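Chemist: Sequences and hints are given; from them, build the entire structure.
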Amino acid sequence: MSQFRTFALVCALLSAAISHAQMQPPQLFSGMEGYTFLPDGTAIPIWGYGWVADGYITLPGPLLEYTEGESVQLNFTNPSPESHTIHLHGLDVDQANDGVPTTSFFVVTGGEATYEFEANHPGTFLYHCHVTTTLHLTMGMYGMILVNRPDMTLFEGGPGYSENAPLLFSDLAMETNLSAVQSFPFHDIRPDVFMVNGVSGDQLEQAEHIIDFEPGEPIALRLGSMAYSLLHLNFPEELNAICYMSDGRPVPEPFAVTDLEIFPGERFTVMIEPEAGWDGHIGCEFWNIPDQQLEEEQFVHVRDASLSVPDWGVTAAPVGFPNPTNSEIRWLGPASLSVFDAAGNSVFCGPLNEGRLEVSDWANGFYTAVFPDGTHTRFAVIH
Amino acid sequence: MNNWKFWTCLILAMVPFGTFAQDTLWLARGEWTQIPDSVQALRFNANDEWSGVNATLTRPVDAASSLVVVNLDSIAHTWKLEAEGELDWDLAALDTIVLEMPELQAGAYRFGLTDEIGRVMGASGQLQIGLEADYAHFHWNLGDWSVARMVAADLGLPIAWNEPYVPEQFTINERTYPAVADDPEALVAVSLGDTCLISIANHGFMDHVFHFHGFHVTMISSSHHPERVGWSKDTVPIRMGEVLTVQLVANQVGMYPVHNHNLIAVTNAGFYPGGMITQIHVAP
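Protein sequence lines correspond, in order, to chains C and Y. Take the first sequence: its letters are residues 1 to 383, numbered as in the numbering used here. Take the second sequence: its letters are residues 384 to 667, numbered as in the numbering used here.
Be careful, since some hints might not be right.
[To be verified] Each pair of labels, with its calculated beta carbon distance range:
hint, chain 1, residue 1, chain 2, residue 2, range
1, Y, Leu477, C, Gly201, 58 to 66 Å
2, Y, Pro541, C, Glu214, 53 to 61 Å
3, Y, Glu499, C, Met174, 31 to 39 Å
4, C, Arg378, Y, Thr416, 50 to 58 Å
5, C, Pro26, Y, Gly613, 36 to 44 Å
Since the hints were derived computationally from the structure, they do not count as laboratory data. It should be emphasised that the depicted structure is a prediction, and the values quoted were computed from it without experimental measurement. Glycine included, C-beta positions come from ideal geometry on N, C-alpha and C.
Modeler: Right, dumping it as structure tokens:
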């Protein structure tokens, strides 16, 4: 039944996406039937946001990027079984667009909404559901928002940078995610999974999570936390890290930073300009706030691009459905593909059977499908 | 007339009548009914009537003054003003003392009991110096509460400091949401275009962090991070023992929540919404 609902949802979303693709801006949807996978392959249920055009939710939700001065209309649809909202954290929107159900509005099951605001301040912001916030955030309903300037400076009169590197920190308690309906009370929740951009441990060594830099070209680290934990970041001196912004505003006096605390909901923009040939890590410590105990440390890999291996393209790829799946996944368009597991091992290479790929005997986990034109996409297998 | 009343009256008669609204604090133990457990608590009251809310002191800038502290509790405590020099006084059981308060610069300061029982049972408050001259001024005293620790402290039993700290209640001015909204010092009610100040003191046993919907605030002062004065923030950490003041300019009308973004603290005994939530109301 669950698979049928997922299939129907994806078909409906695809249909909507195709018929309106030429006239509608991108639209977010909320879902409550997603999964994330720990480094050991354990499947953890998540709720979250995804693009309607993609048809699946992700942890964290999609990165939303706007341009300073833009009048934003963020379209949102909720086909999930519960009400949700989008709170635009730090963007100082008016009450109607604040995403707090009691002072703004619920987006009920089957409902749609458009959130409107002026992107007046460049910087790093967040978004998240504000319905039963304790539970919905823990389940994964959050993402990051960047407001960029066309001239690639952090703010008017601020330093320039070559690219953004968003790092969204979060955590979850497996017991809660595995049994969301029994997950009260919340004052004693104790996270046991600690993530950077939704992954942890060895997953952070996958190519898409490594920050490759070109010597002499500064990178803007967009740091934000949706965790219960207090983040304590350690920047090696070779990164030449300087903090320029906090909470979407320039700090009066930029300062060199070797360690930085980030509380839940806070954001910082830290510019790094690593020394040529450098290959190392930013340490990300997760501390329990009531106990002041170090829970775990994650490591974000930063390396000179000349030391990296070529990555796959990032252009639009065909969409497979249902996703996640436990039996087969169907692709519209491509005749063949290659598939790699989360560790980068090849698990399939060859033609599709009328667009179908049989996965019933595959292990739980995320897989990357690579198509003949070089595009790629992810899908999940969950039994 | 019993002993403490006699000495209190005598001392009050000896203290020159000042110009300050609150010259005396009564340290009392009583039932705190704000939370369902109705535990015994210690509070600094503005008079000899028991209140579950700690009193606030105000003073003008750079003016020395006297403060009478009446200890109605049956055990001794130590009282501290967290200002330059860290001023400590001993409060004997059922005793009354006169404290000579130093001249202080504008800002908010934390005071309270520093002995183990006094801290756990929650006798602490704010001394505000010269903050109401130009703008409306609000204050939030933050508290996190473990009922087991409070009961142990009340009974004089050992407090389990080595066990994981799992507070069940989180308060602003000793109230949990939604009762916080009944407190005119916690609910920021202003009009469009107004500027106001909010002094936030963390009297609890853990760090807290408050997120403002609808507004950025400017850091005016901070006891722990003075280098952040002038920063514009929408999410403000208030570390354990810290007191800070922020300035808010009400540049849009409406109702906007302000809440702890460590989500364990927006619950009452684990249930959402509760705990450390208040609101900003901006009238047209």
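Chemist: A separate judgement is required for each hint: does it hold in the structure or not?
Modeler: Hint check results:
1. Y:Leu477 to C:Gly201: 58 to 66 Å: The hint (58 to 66 Å, Cβ to Cβ) holds, given that Leu477 of chain Y and Gly201 of chain C are roughly 59 Å apart.
2. Y:Pro541 to C:Glu214: 53 to 61 Å: holds (60 Å)
3. Y:Glu499 to C:Met174: 31 to 39 Å: The hinted range 31 to 39 Å holds for Glu499 of chain Y and Met174 of chain C, with Cβ atoms some 36 Å apart.
4. C:Arg378 to Y:Thr416: 50 to 58 Å: Given a distance of about 54 Å, which is inside 50 to 58 Å, the answer is holds.
5. C:Pro26 to Y:Gly613: 36 to 44 Å: holds (37 Å)
This entry satisfies every hint, going by the numbered hints stated previously.
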